[in-house]
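Please put together the full structure from these sequences, using the hints given.
The lines below spell out each chain.
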Amino acid sequence: MRRTLVVLALAAVFLALFATPALAGEEGEARTPESSVTSLDTVWVLIAAALVFFMQAGFFFLEGGLTRAKNVSNAMLKGVMDFCLGALVFWMIGFAFMFGFDRGGFVGTSGFLANMAGADWNGLPLYAFLLFQIAFAGAAATILAGAVAERIKFSAYCIATVCITGLIYPVVGHWIWAEGGWLYDRGMLDFAGSTVVHTVGGICALVGAWMVGPRTGKFNPDRSPNAIPGHNIPMAALGTFILWLGWYGFNPGSTLKASPAIATIAMTTTLAASAGAVVAMFLTWIRYGKPDVSMSFNGALAGLVAITAGCAYVSMVSAAVIGGVAGLLVVFAVEFIERRLGVDDPVGAISVHAVNGIWGTVAVGLFAQASLGEANGVAAVSGLFFGGGVAQLGRQLLGVVSVVAWVAVTSTALFFALKKTVGIRVDDEGQKAGLDITEHNLEAYPDFQPTISEKGVI
Amino acid sequence: MRRTLVVLALAAVFLALFATPALAGEEGEARTPESSVTSLDTVWVLIAAALVFFMQAGFFFLEGGLTRAKNVSNAMLKGVMDFCLGALVFWMIGFAFMFGFDRGGFVGTSGFLANMAGADWNGLPLYAFLLFQIAFAGAAATILAGAVAERIKFSAYCIATVCITGLIYPVVGHWIWAEGGWLYDRGMLDFAGSTVVHTVGGICALVGAWMVGPRTGKFNPDRSPNAIPGHNIPMAALGTFILWLGWYGFNPGSTLKASPAIATIAMTTTLAASAGAVVAMFLTWIRYGKPDVSMSFNGALAGLVAITAGCAYVSMVSAAVIGGVAGLLVVFAVEFIERRLGVDDPVGAISVHAVNGIWGTVAVGLFAQASLGEANGVAAVSGLFFGGGVAQLGRQLLGVVSVVAWVAVTSTALFFALKKTVGIRVDDEGQKAGLDITEHNLEAYPDFQPTISEKGVI
Amino acid sequence: MRRTLVVLALAAVFLALFATPALAGEEGEARTPESSVTSLDTVWVLIAAALVFFMQAGFFFLEGGLTRAKNVSNAMLKGVMDFCLGALVFWMIGFAFMFGFDRGGFVGTSGFLANMAGADWNGLPLYAFLLFQIAFAGAAATILAGAVAERIKFSAYCIATVCITGLIYPVVGHWIWAEGGWLYDRGMLDFAGSTVVHTVGGICALVGAWMVGPRTGKFNPDRSPNAIPGHNIPMAALGTFILWLGWYGFNPGSTLKASPAIATIAMTTTLAASAGAVVAMFLTWIRYGKPDVSMSFNGALAGLVAITAGCAYVSMVSAAVIGGVAGLLVVFAVEFIERRLGVDDPVGAISVHAVNGIWGTVAVGLFAQASLGEANGVAAVSGLFFGGGVAQLGRQLLGVVSVVAWVAVTSTALFFALKKTVGIRVDDEGQKAGLDITEHNLEAYPDFQPTISEKGVI
Amino acid sequence: MKKVEALIRPERLEPVMEELRKLGYPGVTITEVKGHGKQKGVTHMWRGAEYRVEFLPKLKVEAVVLSEDVGRVVNALIRAARTGSIGDGKIFVYDVADAVRIRTGEAGFNAI
Amino acid sequence: MKKVEALIRPERLEPVMEELRKLGYPGVTITEVKGHGKQKGVTHMWRGAEYRVEFLPKLKVEAVVLSEDVGRVVNALIRAARTGSIGDGKIFVYDVADAVRIRTGEAGFNAI
Amino acid sequence: MKKVEALIRPERLEPVMEELRKLGYPGVTITEVKGHGKQKGVTHMWRGAEYRVEFLPKLKVEAVVLSEDVGRVVNALIRAARTGSIGDGKIFVYDVADAVRIRTGEAGFNAI
Ligand SMILES: Nc1ncnc2c1ncn2[C@@H]1O[C@H](COP(=O)(O)OP(=O)(O)O)[C@@H](O)[C@H]1O
Ligand SMILES: Nc1ncnc2c1ncn2[C@@H]1O[C@H](COP(=O)(O)OP(=O)(O)O)[C@@H](O)[C@H]1O
Ligand SMILES: Nc1ncnc2c1ncn2[C@@H]1O[C@H](COP(=O)(O)OP(=O)(O)O)[C@@H](O)[C@H]1O
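Protein chains in written order, with the numbering used here: chain G, 1 to 458; chain W, 1 to 458; chain D, 1 to 458; chain H, 1 to 112; chain R, 1 to 112; chain A, 1 to 112.
Please note that the accuracy of each hint is not assured.
Unchecked claim - In silico EDC-like pairs for lysine to aspartate or glutamate, Cα to Cα no more than 20 Å straight-line:
{"id": "1", "chain 1": "H", "residue 1": "K38", "chain 2": "H", "residue 2": "E106"}
{"id": "2", "chain 1": "D", "residue 1": "K218", "chain 2": "H", "residue 2": "E18"}
{"id": "3", "chain 1": "D", "residue 1": "K218", "chain 2": "H", "residue 2": "E54"}
{"id": "4", "chain 1": "R", "residue 1": "K38", "chain 2": "R", "residue 2": "E54"}
{"id": "5", "chain 1": "H", "residue 1": "K22", "chain 2": "R", "residue 2": "E54"}
{"id": "6", "chain 1": "R", "residue 1": "K3", "chain 2": "H", "residue 2": "E54"}
{"id": "7", "chain 1": "A", "residue 1": "K2", "chain 2": "H", "residue 2": "D95"}
{"id": "8", "chain 1": "D", "residue 1": "K432", "chain 2": "A", "residue 2": "D95"}
{"id": "9", "chain 1": "H", "residue 1": "K2", "chain 2": "R", "residue 2": "E14"}
{"id": "10", "chain 1": "H", "residue 1": "K40", "chain 2": "W", "residue 2": "E429"}
{"id": "11", "chain 1": "W", "residue 1": "K290", "chain 2": "G", "residue 2": "E179"}
{"id": "12", "chain 1": "R", "residue 1": "K38", "chain 2": "H", "residue 2": "E18"}
{"id": "13", "chain 1": "W", "residue 1": "K218", "chain 2": "H", "residue 2": "E11"}
{"id": "14", "chain 1": "D", "residue 1": "K290", "chain 2": "H", "residue 2": "E50"}
{"id": "15", "chain 1": "W", "residue 1": "K218", "chain 2": "R", "residue 2": "E11"}
{"id": "16", "chain 1": "D", "residue 1": "K218", "chain 2": "A", "residue 2": "E14"}
{"id": "17", "chain 1": "R", "residue 1": "K2", "chain 2": "R", "residue 2": "D95"}
{"id": "18", "chain 1": "W", "residue 1": "K290", "chain 2": "G", "residue 2": "D222"}
{"id": "19", "chain 1": "A", "residue 1": "K3", "chain 2": "H", "residue 2": "D95"}
{"id": "20", "chain 1": "A", "residue 1": "K3", "chain 2": "R", "residue 2": "E54"}
{"id": "21", "chain 1": "H", "residue 1": "K3", "chain 2": "R", "residue 2": "E18"}
{"id": "22", "chain 1": "R", "residue 1": "K3", "chain 2": "H", "residue 2": "E106"}
{"id": "23", "chain 1": "A", "residue 1": "K3", "chain 2": "R", "residue 2": "D95"}
{"id": "24", "chain 1": "R", "residue 1": "K22", "chain 2": "A", "residue 2": "E54"}
{"id": "25", "chain 1": "A", "residue 1": "K38", "chain 2": "R", "residue 2": "E106"}
{"id": "26", "chain 1": "D", "residue 1": "K419", "chain 2": "D", "residue 2": "E429"}
{"id": "27", "chain 1": "R", "residue 1": "K3", "chain 2": "H", "residue 2": "D98"}
{"id": "28", "chain 1": "H", "residue 1": "K40", "chain 2": "A", "residue 2": "E14"}
{"id": "29", "chain 1": "W", "residue 1": "K218", "chain 2": "G", "residue 2": "D447"}
{"id": "30", "chain 1": "H", "residue 1": "K40", "chain 2": "H", "residue 2": "E54"}
Everything labelled a hint here was simulated from the structure, so no lab data went into it.
Structure below.
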């Protein structure tokens, strides 16, 4: 009964959003001039968008691999549906909020259904820009998935995705990336979205994981945590590599044009990721006695997140340093969030995306070099370590604080509303049976005999 | 003995085909002029071809994930070999049948071994065009694999692949895509192959699944079906996402040049896929009480298949509607094919590719808008819903009916011939043991203990 | 204690390398002129680099799938870390050894930390070239992983990776690919690296597998081998397909510019791979009675390795022949290496990369056609079968012999040194428990019940 | 009470359950085991090398029944599980000292 | 000596182990089995088609104990494993003719 | 007839089978079980957090043998399975009331 209502409500929301545009459709198409440069830019941005799209698979493989077999189908469906819902919602409203006509530096207010034929995207066809942005919105939304894995209700997750891609994320995007956005105007720099995508997703993840509560059995009565090992390490490894691959679209694609700078950006990206993984591996080797596999993967991702803001502004060596620091941060953050904050984040999403999203944004204020920004055709600004003083650092911090505040408030409201309506947490019995059964009546691996788990929960 | 004969026969066919070209080889090379535009087009089409190539992995992962563990190695080898055999055969003869000198609108008759140096591919190098076409031929052939999974003899499957890529598919391709083809001349529109690739593959799948018969144990004596759950949902999820990724080559790549239209096409593709998945998910949620994971994946693929014909002719909103309808169709078609037709299609290949291939082709006659076609540099035609009357709809229907007839007849003949010669069905004992053992003497997962299945068959 | 020392030593090496550049960083950046052609070339090489990067995942999935479940996490970490370490080391020193100022035709001596702003890369931005080369270095290093799988110490593997990407590989690369390199000057042709990448990696693999010794239980006292089946065939299948996909970056990307020749190269690549797989499949069908799944995968890879040297010099038919021969060679080589040499190569790395790397290099001396090389804008040379006499064949053989000698000597020294210091082999107890537990204290698949293995070792 | 323990071919599970149900003994416990007996193992192939799998999968079906029914149960099991070829498996019968139903605490033959 | 064999719900393993430890019997052997009894199977869904999983996962917990402790062990097991709904499982008790500790060769009740 | 049931370390399966074959008892049934006894579990690590795996994998090897051979079988098993460290496992012996070969219907000691 209640379930039927939820379904109907979701369907209604969806159809409502869906119905309106049908009328406006006819005029919703862009006409773009053809030229060789435009074509090259289009090809480049489209391929970058495809790579970023594919990151979805990376996200849900990482999540699925680092959690238990009984919840993996749920992880897969979440991963597919957050992109699908996100694409529709962002096309319909998110894009307008993000890049529509600016209202007070806070939000865009025109161009619903991507109805922006006249707008200027630096010569890039509207739809190439839109697709790239859709893929980004999907990435921002899906970060949540890993942090609330193995216990969030599927219906609540779907609604959360709609709200993140439809409102929470586009507003931040407007602030920082849209001309007229108040942080954009103040000169905050976030080249490919350490803040816009990763901090936003990471703070949603923190709030979500905190409000949904830990998985049943994660913490003992004395608040000490239990380890809940992931069920498929190769799956997590492939997820990591797909994400890394996608980052070659994410960062260099954010140029939105095919300039030689994309090579520089791809290199800073590579070095930061490599340094992050190497540092995380050696750190766990020293701390835990053996090199830890899944933390090394997290290290690579932390490096990638951290270099995302600065990839076009910093030198190769700085990139390696930024990535290396990210590798340190992620290891300590995972411990801190679990043991001090008592928040259960099965895949380390908060540590990777929120912590290193912030670190990466701040790092621009430290490592940016005006000469490099100029060479790459982006803002020519220097950070604290390269003679630029604290000016840029201040702008970066302002941006971080504002975004964290906005996301914390809105996502708390979101999860609070969800809790009071459809509910957000699968109950203990449901978690014991696994979300695959409870939420989808499906077994992910019916042909393999499960092992006897320690806690008597299979 | 008989097996040796089969092997030898296959080898002989292969070598025969292989030997002839060796003589003609020297002149078989194209010389193409170098220019920046050509280079850009080449880069674009090549990357698109690589993405379409990678769809093979999507197909065989989807198939493998939705079937049982004991047949998964067989699914993998089928997936690899149909591309390899298909590439060789299409290069040697299929390409000539498809794009060679037209004979009566029915078939090409020159250019075996891709010996077509002089031909004009709109400035695109011959081999870029050829590789793209090879990848398409592989896709058309591999659709069959899922529908006849878990029971077709491997030798029969190899021969079927050779015949589909060598003859059945190229003839349809000639009709619709080659200048001079009779449906091409009549103005049937199938931009990226809802009919050419998906309906062809889907009808082969229908005929194949029907003639091979259902899997042992699929139907009870009273004709009611038994559920045979797939063994690995994450595998199917990854397969789905790889396929979707590949579609960013499949549809926008079919422009065969790097025009800004590729962005528009990529967006219609995205929205149709998203709408298909969302609609299928909500529909199963309502019908089955819980959102169904594998049907949602099928919904995304159904949306992709359906938008393939019209991706360059329809608006964003139309694309979403086409995809949404595909999401409905696939759910009902799966039920219909299994319960009413009594045909066993383990992965839903017929519902996804045949049903939605037809739907997508017809949808062009409904949703096409001349203004959009013009803007995208393709045919400027309007469908029934946009003031174009029924003219285009008629052409589309003519095309569908003709292609279905051709494929139904030829593939029936093919499977009939196979049945009378090498045999097409692995016997009950062989199916119980699994095709991995029966056909390849291999266990796919020797380190994991299988579960006790319901039917006592592991 | 000893372990701590190893960790510290590794960390120290790493930090030492890392520290120096930090000073030089500021000037280490390239400035490149912007133009449309450069941009197109950059886009192309970057995408090719991303595809080659992704081959890492192919390598470690192939390795993981063809070995046992208890070692798969180790395989994953090796795969991730060899790229990460390799990227840092190659950036810091390998690139300089390979493309720095030539010293005596033997090695480059300038440009550490890629500090080569002034150098000319045919108009390609330095960092695009560098990233492409990094991905290649990673591939050369990772070939070793499969051959020494399931028994090499992780610390030794890390150090070996550093030495291969830092020294062994770049020297060969300098000889053959750098202007001034002694084999380059003598006209040896190795378009995309059958020798530079695959023979180097393959010989390292041979030496490594031989010096590490066979896996515990692989050989009986009478030297007859035992089969040790791989634990996950779909994983190996995906690995194979990811590798093949990556080859569309590897071979056509080696043009380093977006010319129409990339289409031709992609086609030769496709046909060789297909022929390799088809021939290997039929050969195993005849020899073993049933078509062998994993050998067919190896056949495709063998074809790819073999065509790598000649992909821009040979005709389509020649490509198919070269690939087909590779398919034969790999099957016999696998048997020979295991049964005659008594070397344990779990995934066939030596047969695929060393044997076919050599075959492919030699094949250039047989099948090259001057007309094709000219058309593709590369060296116009004819081989023995096309009227060029034995001149080119001689150059190819000289190259092969020299490279094999260099790699054999240096890698023997490397493994010998490792053996005497950190040790290279996990002991029998450790192998029985599995490297996941022994080296990383982790279970890859804790939710699945392992099967009872034949040897009583799970 | 006796425990009848049958080691059967996996594919015979369905008929075996059928027979037990008919006799009024639906309660069984089934374990996936590996067996070794007169039956030769099977030969698999890995990259051209044959290897024997000596232990073949069997199911162990355990049913605790009243002593007077043992004969009938054993005969029914033989009927259902026999194919006539080597590897059909064995049936072992054990005494059961006591049985308890956890839910109710009932003991003895009420528990079966 | 007797063997107490309990077929329990997987999620009751922890309390069961707890009770056994308290009684001084930490030594057990556990097997993943599938059970069938009064309890109805569960219904799963595959692409819109329902199917029954007739055999439900249970754990078989075997502990060999001294004869005089059987009563206490059985009661403890009932306490720990009971939820009150169908499917709670059963306990069977068997005589053990002998027990040996492999490491030391000790036999009889020293081996337990 | 007796059933000899040995709980052994997985890596001792091969020598155990060897010994049984020598004694003319190739017929066995093997089950993958988890054991808990004096042996401490092992500690694994997950993302920096240690956790104990209390139940260790063992194999249960069951062989039904003639009563007069029990002693020899048990001794052979001890010989083959012993490593001398904690966790070597146990052997339990049970009476078997009857044995039947399904293929032939032979009962009693002919069935073994
Ligand atoms: N002595 C025994 N003790 C325990 N289990 C046995 C014994 N003999 C046979 N089995 C079990 O019975 C199965 C079938 O035995 P097998 O000798 O192959 O059958 P048959 O001779 O009746 O054809 C074996 O796989 C094994 O599980
Ligand atoms: N006669 C029997 N012989 C062997 N095992 C049995 C028998 N009856 C029940 N079981 C086992 O006990 C489990 C629980 O039985 P069930 O009848 O569902 O419990 P209850 O009636 O006590 O709620 C079954 O799953 C099965 O494993
Ligand atoms: N009382 C018991 N009942 C059933 N199984 C037991 C019992 N005691 C031990 N076992 C089994 O024997 C195995 C080895 O026991 P353990 O006490 O560790 O060996 P030991 O003391 O001989 O070194 C355990 O893992 C368990 O499977």
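Outcome of the hint check:
1. H:K38 x H:E106: Given pair K38 of chain H, E106 of chain H is violated - Cα atoms ~42 Å apart, limit 20 Å.
2. D:K218 x H:E18: 45 Å, violated
3. D:K218 x H:E54: Holds - the C-alpha atoms of E54 of chain H and K218 of chain D are around 18 Å apart, at most 20 Å.
4. R:K38 x R:E54: It holds: about 11 Å lies between the C-alpha atoms, which stays within 20 Å.
5. H:K22 x R:E54: OK: K22 of chain H and E54 of chain R at ~16 Å, within 20 Å.
6. R:K3 x H:E54: Judged against 20 Å, a Cα distance of about 30 Å means the pair is violated.
7. A:K2 x H:D95: Between K2 of chain A and D95 of chain H the Cα gap is close to 12 Å, so the pair holds against 20 Å.
8. D:K432 x A:D95: Violated, because 36 Å separates the two Cα atoms, which is more than 20 Å.
9. H:K2 x R:E14: Roughly 29 Å separates the two Cα atoms, so the pair is violated.
10. H:K40 x W:E429: Answer holds: K40 of chain H to E429 of chain W is near 18 Å, not above 20 Å.
11. W:K290 x G:E179: 44 Å, violated
12. R:K38 x H:E18: With a Cα-Cα distance of about 15 Å, the restraint between K38 of chain R and E18 of chain H holds, given a limit of 20 Å.
13. W:K218 x H:E11: 15 Å, holds
14. D:K290 x H:E50: 12 Å, holds
15. W:K218 x R:E11: 33 Å, violated
16. D:K218 x A:E14: 15 Å, holds
17. R:K2 x R:D95: Cα-Cα ~5 Å, so holds.
18. W:K290 x G:D222: Violated: K290 of chain W and D222 of chain G sit about 37 Å apart, past 20 Å.
19. A:K3 x H:D95: 12 Å, holds
20. A:K3 x R:E54: Violated: K3 of chain A and E54 of chain R sit about 30 Å apart, past 20 Å.
21. H:K3 x R:E18: 28 Å, violated
22. R:K3 x H:E106: 19 Å, holds
23. A:K3 x R:D95: 12 Å, holds
24. R:K22 x A:E54: 16 Å, holds
25. A:K38 x R:E106: The hint holds at about 14 Å.
26. D:K419 x D:E429: 18 Å, holds
27. R:K3 x H:D98: Holds, at about 10 Å.
28. H:K40 x A:E14: 17 Å, holds
29. W:K218 x G:D447: 17 Å, holds
30. H:K40 x H:E54: 7 Å, holds
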